[in-house]
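2 protein chains.
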Amino acid sequence: MPELRKDPVTSRWVIIATERGKRPSDFTSMTAAKAKEGFCPFCYGHEGNTPFEIWAYRPDHPEKNTPGWKVRVVPNKFPALRIEGELNRRGMGMYDLMDGIGAHEVIVETPEHDKNLEDLSDSEVGLIIDAYRNRGIDLKKDVRFQYILIFRNYGKSAGASLKHPHSQLIATPIVPKRVQEEINGVNQHFQYKERCVFCDIIHQELSDGSRLVLENRNFLCIEPFAPRFPFETWIIPKKHQADFLNITDEETLDMARILKSALTRLKVALKDPAYNYTIHTMPLRAQGSIFHWHLEIMPKLIQVAGFEWGSGFYINPTPPEDAAKYLREVEI
Amino acid sequence: MPELRKDPVTSRWVIIATERGKRPSDFTSMTAAKAKEGFCPFCYGHEGNTPFEIWAYRPDHPEKNTPGWKVRVVPNKFPALRIEGELNRRGMGMYDLMDGIGAHEVIVETPEHDKNLEDLSDSEVGLIIDAYRNRGIDLKKDVRFQYILIFRNYGKSAGASLKHPHSQLIATPIVPKRVQEEINGVNQHFQYKERCVFCDIIHQELSDGSRLVLENRNFLCIEPFAPRFPFETWIIPKKHQADFLNITDEETLDMARILKSALTRLKVALKDPAYNYTIHTMPLRAQGSIFHWHLEIMPKLIQVAGFEWGSGFYINPTPPEDAAKYLREVEI
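One line per chain: the protein sequences are U and R, in this order. Under our numbering, the first residue of the first sequence carries the number 1, and numbering increases by one thereafter. Under our numbering, the first residue of the second sequence carries the number 1, and numbering increases by one thereafter.
With the rest of the complex left out, here is chain U:
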């Protein structure tokens, strides 16, 4: 019998098609098609082909826009939002709009074109997370921005247009809808229980174990109870912490370790799938700390059809307990 499961944060109901019970091998036709090759603006020596660098980790080579960096952040050459100007909020008849002000940056994760995030060392992945944090702290100073969305697209079907390993960051003057829904859910749970819903999830998943993939000192990696997509995977800090920007150096290294391991397990189990991940953190101007930041990985394994788009009601052919078992047992 298929199950209807409710996500405890957003109250979204999801169909878990237990009887179809798709295994990893059923998805391998979706292996990530690589983005097109050609001249790569993110490789050493091509620093002049990107907009001027905003931030870089350059322990030995201090000169900007030259080789020698380990991680490099540049403005997106084709930004979705523009950095210059005022928001100019206004009405248009019954409608509301504002100018598309924001920041859109690219985090080039390594000089090595053919490596991927999971091939780097723990400390190299730590530098990427540190770049996310540094850029967030800097952009938070700009009072026009309400939110900083950090995300990574891997594989063409996940929207990556360049192969060289990179993440992106968009600072927006609004709080994105899905984040606001999570905040509402966290508040609702807090009003009823006087506890953080993510802290409750951590407690339940550690004592249950069936959806737990990995844990280390500071983080756990789970398949959520009501995932929208097969092998949807969350990484959550064990300590209640609303704002990703407050991550410590010790936590950064533990996050690097668990993220590397989670991505490696997904890669092996699902034969290198396309995926997206995003960090959900509290809005920049939110008071108090009723949120619990986390990272969500969404492998692109199935075609999302009309039913899902039209209703926000998803059919997931793989129970998360099965997915967690596959990911725990994968040989890496």
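There may be inaccurate statements among the hints.
One copy or two, it doesn't matter: identical chains are merged, so the pair holds either way.
Using 25 Å as the maximum straight-line C-alpha spacing, the simulated DSS-like pairs for lysine-lysine come out as follows [said to hold, decoys possible]:
{"hint": "1", "residue 1": "K260", "residue 2": "K77"}
{"hint": "2", "residue 1": "K22", "residue 2": "K64"}
{"hint": "3", "residue 1": "K325", "residue 2": "K115"}
{"hint": "4", "residue 1": "K163", "residue 2": "K260"}
{"hint": "5", "residue 1": "K6", "residue 2": "K140"}
{"hint": "6", "residue 1": "K325", "residue 2": "K64"}
{"hint": "7", "residue 1": "K22", "residue 2": "K77"}
{"hint": "8", "residue 1": "K163", "residue 2": "K22"}
{"hint": "9", "residue 1": "K325", "residue 2": "K193"}
Because the hints were derived from the structure by calculation, they are not lab data.
Mind docking chain R on chain U? Use the hints.
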């Protein structure tokens, strides 16, 4: 300058990338890949290869499960939800779930394998809409169900696994999230304005005209102000009507006409794109009438990437005013 626009119903902000301003010809690489061919269970003479028929329009051939029908409704052979059983709502630790009870039906739209909806006559399309209505009225009697979602997937990338023209219907024991968001938005607008937000949209779009594609006596077809996707197209009844199931015969024929014309225009302008459409109507057990049913068409023209999935915040490269102009001026 790109714009941030807010959907007046759901309060979702969308980036309209006015400067990229993609035209129809920029999308033609996404022309609908056809679903695989082979034995077709929906053709005349193959009625024994589907589950027993639930409803059919058979003006001359009354014998069930034989040829001679014009529109035929059968259970989905691989249903997402099961019709037999009780909901069995229960907790599991902190989580909530129930059995996956529901109905999942296929509306075979015509016996003609190689035609498509827009190739049929007005009255033939009217029969399809009438099948939607009839099945909805029947399923509403089942008190386990809260919602009936009617949708059509066209093209492989939109999730269609069979080429023979068909729609689908899923009756669910919950109200889908996106519909509930619309209802909340309609209620919020009503509390503030004492008017229906969709009626306000109709008024504004008819007087403005820049996003209007088509209208007839009972319906209008628009590009919404803050569309998530390029060429997202809505068909809205002019009269305030909460429940699609109350559509009259006259309205059915007018809806057939405007739907045919909208799909034909999308097909010509965008070179036969894959698309989904869904009907949004009020929940089955809702009291009062603070909703306004409509149909949403979502062409599959762009890859939805991590940014969108992770945030619920969409980037749309085509302003709806441009899309409406292309669709108005298309030669059909």
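Earlier hints that do not hold, by number:
1, 2, 3, 6, 9
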